[in-house]
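Number of protein chains: 2
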Amino acid sequence: MSVTAPHGFTAAGGTAGLKPSGRPDLAVVHNVGPRASAAAVYTSNRFPAAPVQVSREHTADGELRAVVLNSGGANACTGEAGLSAARTMAATVAEAIGLLEQQVAVCSTGLIGVELPLELVVPGIVEVTAALHPEGGQAAAEAIMTTDTMPKQSVVGGNGWVVGGMAKGAGMLAPGLATMLVVITTDAELEPAELDSHLRAATRVTFDRADSDGCMSTNDTVIAMANGASGIRPDPQTFGDALTAVCADLARQLIADAEGASHEIAITVAGAATEDQAVAGARTIARSNLFKCAVFGGDPNWGRVLSAIGTTDIAFEPSRVDVTFNDITVCRGGGIGEDRNLVDLSGRQVELLVELNAGDARATVLTNDLTYDYVKENAEYST
Amino acid sequence: MSVTAPHGFTAAGGTAGLKPSGRPDLAVVHNVGPRASAAAVYTSNRFPAAPVQVSREHTADGELRAVVLNSGGANACTGEAGLSAARTMAATVAEAIGLLEQQVAVCSTGLIGVELPLELVVPGIVEVTAALHPEGGQAAAEAIMTTDTMPKQSVVGGNGWVVGGMAKGAGMLAPGLATMLVVITTDAELEPAELDSHLRAATRVTFDRADSDGCMSTNDTVIAMANGASGIRPDPQTFGDALTAVCADLARQLIADAEGASHEIAITVAGAATEDQAVAGARTIARSNLFKCAVFGGDPNWGRVLSAIGTTDIAFEPSRVDVTFNDITVCRGGGIGEDRNLVDLSGRQVELLVELNAGDARATVLTNDLTYDYVKENAEYST
Chain A
1 MSVTAPHGFT
11 AAGGTAGLKP
21 SGRPDLAVVH
31 NVGPRASAAA
41 VYTSNRFPAA
51 PVQVSREHTA
61 DGELRAVVLN
71 SGGANACTGE
81 AGLSAARTMA
91 ATVAEAIGLL
101 EQQVAVCSTG
111 LIGVELPLEL
121 VVPGIVEVTA
131 ALHPEGGQAA
141 AEAIMTTDTM
151 PKQSVVGGNG
161 WVVGGMAKGA
171 GMLAPGLATM
181 LVVITTDAEL
191 EPAELDSHLR
201 AATRVTFDRA
211 DSDGCMSTND
221 TVIAMANGAS
231 GIRPDPQTFG
241 DALTAVCADL
251 ARQLIADAEG
261 ASHEIAITVA
271 GAATEDQAVA
281 GARTIARSNL
291 FKCAVFGGDP
301 NWGRVLSAIG
311 TTDIAFEPSR
321 VDVTFNDITV
331 CRGGGIGEDR
341 NLVDLSGRQV
351 ELLVELNAGD
361 ARATVLTNDL
371 TYDYVKENAE
381 YST
Chain B
384 MSVTAPHGFT
394 AAGGTAGLKP
404 SGRPDLAVVH
414 NVGPRASAAA
424 VYTSNRFPAA
434 PVQVSREHTA
444 DGELRAVVLN
454 SGGANACTGE
464 AGLSAARTMA
474 ATVAEAIGLL
484 EQQVAVCSTG
494 LIGVELPLEL
504 VVPGIVEVTA
514 ALHPEGGQAA
524 AEAIMTTDTM
534 PKQSVVGGNG
544 WVVGGMAKGA
554 GMLAPGLATM
564 LVVITTDAEL
574 EPAELDSHLR
584 AATRVTFDRA
594 DSDGCMSTND
604 TVIAMANGAS
614 GIRPDPQTFG
624 DALTAVCADL
634 ARQLIADAEG
644 ASHEIAITVA
654 GAATEDQAVA
664 GARTIARSNL
674 FKCAVFGGDP
684 NWGRVLSAIG
694 TTDIAFEPSR
704 VDVTFNDITV
714 CRGGGIGEDR
724 NLVDLSGRQV
734 ELLVELNAGD
744 ARATVLTNDL
754 TYDYVKENAE
764 YST
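Residue numbers (this note's numbering), protein chains in the order written: chain A, 1 to 383; chain B, 384 to 766.
Here chain A stands alone, though its shape is the one from the complex (with noise of 0.2 angstroms):
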């Protein structure tokens, strides 16, 4: 149930009629109380999204009680519109369930550069906000599906408390968030600034290290909410082991889901002098098409690896590399290293290894294959 899974929160999902498909739209997710701790991460695009210019605003005091979403419309690069548009779903919905605009925080997904009709989400946010209930997360999930083919929930519960989260995002999946709109829940009992330094924390490691394409959202939102329904205040190891392993149970599920992948690819880079020069090295290969072709082909094509992190500045020696695909080091000390026959790429699980021997630090960047119907998604995406 998601979202709905921790204490104190109702949802719905419902069809405003955004989508040519018929399909539903729109969801909302409300935080009955008592508290109304809110924090949240958005995208560093330049060219934020009407709904993330209000929701930024919204969330600037921490606090927040309810989250509208929609698909089938980014709401974005849409103008003072736009900006409009994205306000009066927040007011829509604060009419309804009785708060103040600035309690409402606004999510949109869909096609970029097209004005939202608010003459259907209007009464669509009426309809749905209606039907709000503890047990509608699951409803609030199907709603906000784009090209997703399956609803992403998770549940993690802690001692008395419980960690829901609901997300959406199958393509334009990258870093500095991964394209996507997440909303995760929580009972437990947070002061604003700690649920925030929890997010930071928990999407650092997950959301921000799943990189299904390269290409960055101008919607990207993840947001939390916290409103101790359940009286408990949390160990902060404990919560935040819980954040993180919903957030990287949703970050997983994005890229299973991703458009058009048959191959789900964790490329870890190991032996890195840092942290950071790890996460370096593993996105430059998850960025590099020839890479993804490759393993889409079925081929452990060690060279493009190579090729793809000696474009980086990371420290490393390159005769000191190995490459191991799925357990079989094909490429040892920066030369050829086992028969590269006996990977057996077959399978949609593809773990990619490349120890670069240069320190102690490692990290693991979740991205796909580049398949045709990618290709076919993306080229008939809007037409």
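Be careful, since some hints might not be right.
Distance ranges between label pairs, derived from CB positions [said to hold, decoys possible]: (1) 20(A) <-> 721(B): 18 to 28 angstroms; (2) 313(A) <-> 400(B): 37 to 47 angstroms; (3) 709(B) <-> 20(A): 19 to 29 angstroms; (4) 134(A) <-> 427(B): 54 to 64 angstroms; (5) 84(A) <-> 730(B): 33 to 43 angstroms; (6) 417(B) <-> 319(A): 40 to 50 angstroms; (7) 111(A) <-> 658(B): 31 to 41 angstroms; (8) 157(A) <-> 464(B): 51 to 61 angstroms; (9) 532(B) <-> 111(A): 28 to 38 angstroms; (10) 494(B) <-> 111(A): 11 to 21 angstroms; (11) 313(A) <-> 700(B): 28 to 38 angstroms; (12) 131(A) <-> 494(B): 57 to 67 angstroms; (13) 740(B) <-> 56(A): 24 to 34 angstroms; (14) 587(B) <-> 126(A): 53 to 63 angstroms.
Treat the hints as calculated values from the structure; they're not laboratory data. Here a beta-carbon is modelled for each residue, glycine too, at the ideal position from N, C-alpha and C.
Assemble the complex: chain A is given as a structure, and chain B must be docked to it using the hints.
This is chain B only, laid out in the frame that chain A set:
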């Protein structure tokens, strides 16, 4: 006739048997003299192939008499054996023509991480050098093709002197050189330092701005040789223009023949604060898979253009950016502009203009769309 268009150069192409297809795979270009001025630009990849390492040594003194090139194997990441093989190639040419080993540069292209079969290469070199001829440019250009569908050649005449060139490279085209092997010849009279300075200036605005798929090879090499056979010292400006024209022509041919591409896209960023910023902006767009898929789908998706430049830190105000596809300004002031349905992307040439309105500098980067065939070629390349 490309590299043999200037006086005092001979060339030949032949078949050593490195390609399963049995197509030509070996070329030699011989500078008959009188002078031996040479300059070269190599990949900045930290895994430079053995031929790059050897050629770097051999061009360090600014003199060169011959270049031997093979397709059918990159001789990259092949360790000491690879270095030895590259030296053997140079030595074999030197012995056959009567030069010193260090007067011969070596270029290889093909799959990384596979040792070159010297038992084929050495007799092949003997055979090809025996065929060196003042009209052998075409055969040489054909012998260096890999996934290229046609040879790339260019000739520009000066005042009594000529610049000729040939190139190969159809994938892994990226900056800091597009992945390519290029040999440029001229019978103009230039000192090595002059030639070097002209070559760097020319590659900076041509090959360095051809970015097919963002991937940088281990083997990129551009070699220029000037033998002074015309007896004419060219006007520096005129020579620079001619050399740049040859490089631009070859770069355009590389992009036109890039793997699986169905569109040639010229991305111009104008109104930038500096030329470097214009290049950075254009390159970021050129590397957006979502943008490239959209062009493949005939979709003037300006949202993906803004998303891409929105990830950079170049100077611009988001509300002042215009985006024009083939003369239709679909995005004006960061928002909705002319009707996107007016844009016709059915032709092969796409002109994308991003006007930042932040200064007077501009630059153009050439790239391709991302297609099924790109995925196909790169999924099946080594298998």
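Hints versus structure:
no., hint, verdict
1, 20(A) <-> 721(B): 18 to 28 angstroms, "holds, 23 angstroms"
2, 313(A) <-> 400(B): 37 to 47 angstroms, "holds, 39 angstroms"
3, 709(B) <-> 20(A): 19 to 29 angstroms, "holds, 27 angstroms"
4, 134(A) <-> 427(B): 54 to 64 angstroms, "holds, 58 angstroms"
5, 84(A) <-> 730(B): 33 to 43 angstroms, "holds, 39 angstroms"
6, 417(B) <-> 319(A): 40 to 50 angstroms, "holds, 41 angstroms"
7, 111(A) <-> 658(B): 31 to 41 angstroms, "holds, 33 angstroms"
8, 157(A) <-> 464(B): 51 to 61 angstroms, "holds, 57 angstroms"
9, 532(B) <-> 111(A): 28 to 38 angstroms, "holds, 35 angstroms"
10, 494(B) <-> 111(A): 11 to 21 angstroms, "violated, 40 angstroms"
11, 313(A) <-> 700(B): 28 to 38 angstroms, "holds, 31 angstroms"
12, 131(A) <-> 494(B): 57 to 67 angstroms, "holds, 59 angstroms"
13, 740(B) <-> 56(A): 24 to 34 angstroms, "holds, 25 angstroms"
14, 587(B) <-> 126(A): 53 to 63 angstroms, "holds, 60 angstroms"
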